[in-house]
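Chemist: So you can see what is in the structure, the chains are spelled out below.
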Amino acid sequence: MSPPAVLQVMLLVWGTLVGLDLVSVPQAMIARPIVAGPIAGAILGDVATGLQLGVLFELFQYDILPVGAVRYPEYGPATIAAVSAAHAGAGTLGFGLGAVVGLITAMAGGASLQVIRRLNTRAVHRAAAALETGEPRVLARLHIAGILRDAARAAVVTALGLALAQLARDYLVGTVWSRGRVLLSVAAVGVALAAGTAGTLRLVGRGPGLRWFAAGLVGGAAVVWLR
Amino acid sequence: MTTPARPPLGRSLLRLFTVQGSWNYERMQGIGMGVAEQPLIRDLDGNGTAYHAAVARAAHFFNAHPYLCGLAVGATARAEHDGVPPQQVERLRTALCGPLGALGDRLVWAGWLPLTSGLALIGVALGLGLWAIFGFLIVYNIGHVALRWWALRAGWAYGGQVATALREPVLQRAATLSAPAMALVAGVALPLVVHYLTGGFLSWTRAVLAVVAAGGFVLLRWQRARLTGLRFGLVLLALAALIGWFWQ
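In the order they appear, the protein sequences are chains A and B. FYI, in the numbering used here the residues of the first sequence are 1 to 227. FYI, in the numbering used here the residues of the second sequence are 1001 to 1248.
Same shape as in the complex, but just chain A (with noise of 0.2 Å):
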């Protein structure tokens, strides 16, 4: 079952302000899958979804420390594409064909990033002589045309991703049989945990840090026990 078209939009225009947050405006970690999984599970009535969705993610993101130029996929767009294959496929199959839909949105999300950053190259090649002349109306309008040109890669990405889901949804959901759906579902939640965890081992290295790994991990398998 697909959502509403007007649910689509709201999804497409979440995704956009996503993808923007991620580097241009305003970097304020609405790209974290933990945040754009769980609104977008809001915006189709599925909160359970998102939030189960933006934990799996937020455990790739973990695996990425976004430094200088290096190059990273996208993940919150990604997310909410995710989500949205996931909320027809109610269950373990959900889980599977989201991350299978948000694994390959995030690989495009990321490749749609150094396109746009060598179009902003060329855009400040090409203005290079008149950028030494010091007009404060060549900087806004480079500036302001390098934002636009990562909305519009946003929409773009988070338009591909719903489009996936849609496919996902229309082809996958009535013929994926049952023991596919839960390999799908233990490779992704195994994945997220293995990457998850090597990420955070990269934060936490070798020093005192990794004493105070150890006492959370005692602590929090505490917690789940005494729950």
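Since the hints were made in silico from the structure, they are not lab data.
According to the in silico footprint, chain A covers these stretches of chain B (three or more CB under 8 Å from chain A): (1) 1016-1029; (2) 1097-1110; (3) 1114-1120; (4) 1182-1192; (5) 1197-1206; (6) 1216-1226; (7) 1232-1242.
Partner residues aside, some chain B positions facing chain A, computed with beta carbon under 8 Å: (8) 1034; (9) 1053; (10) 1056; (11) 1136; (12) 1212; (13) 1213; (14) 1229; (15) 1247.
We put the CB at the ideal spot given by N, CA and C, even for glycine.
Please arrange chain B on chain A, whose structure you already have, making use of the hints.
Modeler: Frame of chain A, contents of chain B only:
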């Protein structure tokens, strides 16, 4: 040269929220820096030669942590007002790139952000739902906006002596404390998240999950230069779909 008594720091701060809007491989954050610095140097030399030369300098290559760019914007704008020679202003900008990048990465990307997002994960796993998400956005952005505002004000206050601002005890203490706090929260979050995500799994799938997660972790650590979570995820999901198809 005259220094304005009430510089338009608010306008500059608003523009700093877009500092990476025109990020490119040639000047990186340079264009955004120029846009953010422009309100602070607008009254230089009655909008004449000095002003245009300062705007052109402000848009040159710059790359640092986006939340701390304000420190360089404030410092160079103040230096322009104080009549510091152009070559020295350029040197100041260049000298700030490395320290601001390293400090911001340590303080925010490897500290404040994973710390607060880890708290959000804990909140969701404990059943707080959307409240955990709103809490994350509010708490994270209090730190975010405070850091941006502090950086811009400190840059303007210290000007050419801005290196002093980077040695402020509060900043050093925050950088020192954020790493262990982040590690502790991440450690607490992990078992809770595992429990939250595997709640609906059957016992045999939990065993498979443990093998996938442990194997994946070892592989990602061992091949970390080549293998990313994304690539590994795509390969494994394709494999899972294939196995599921044969095993109907």
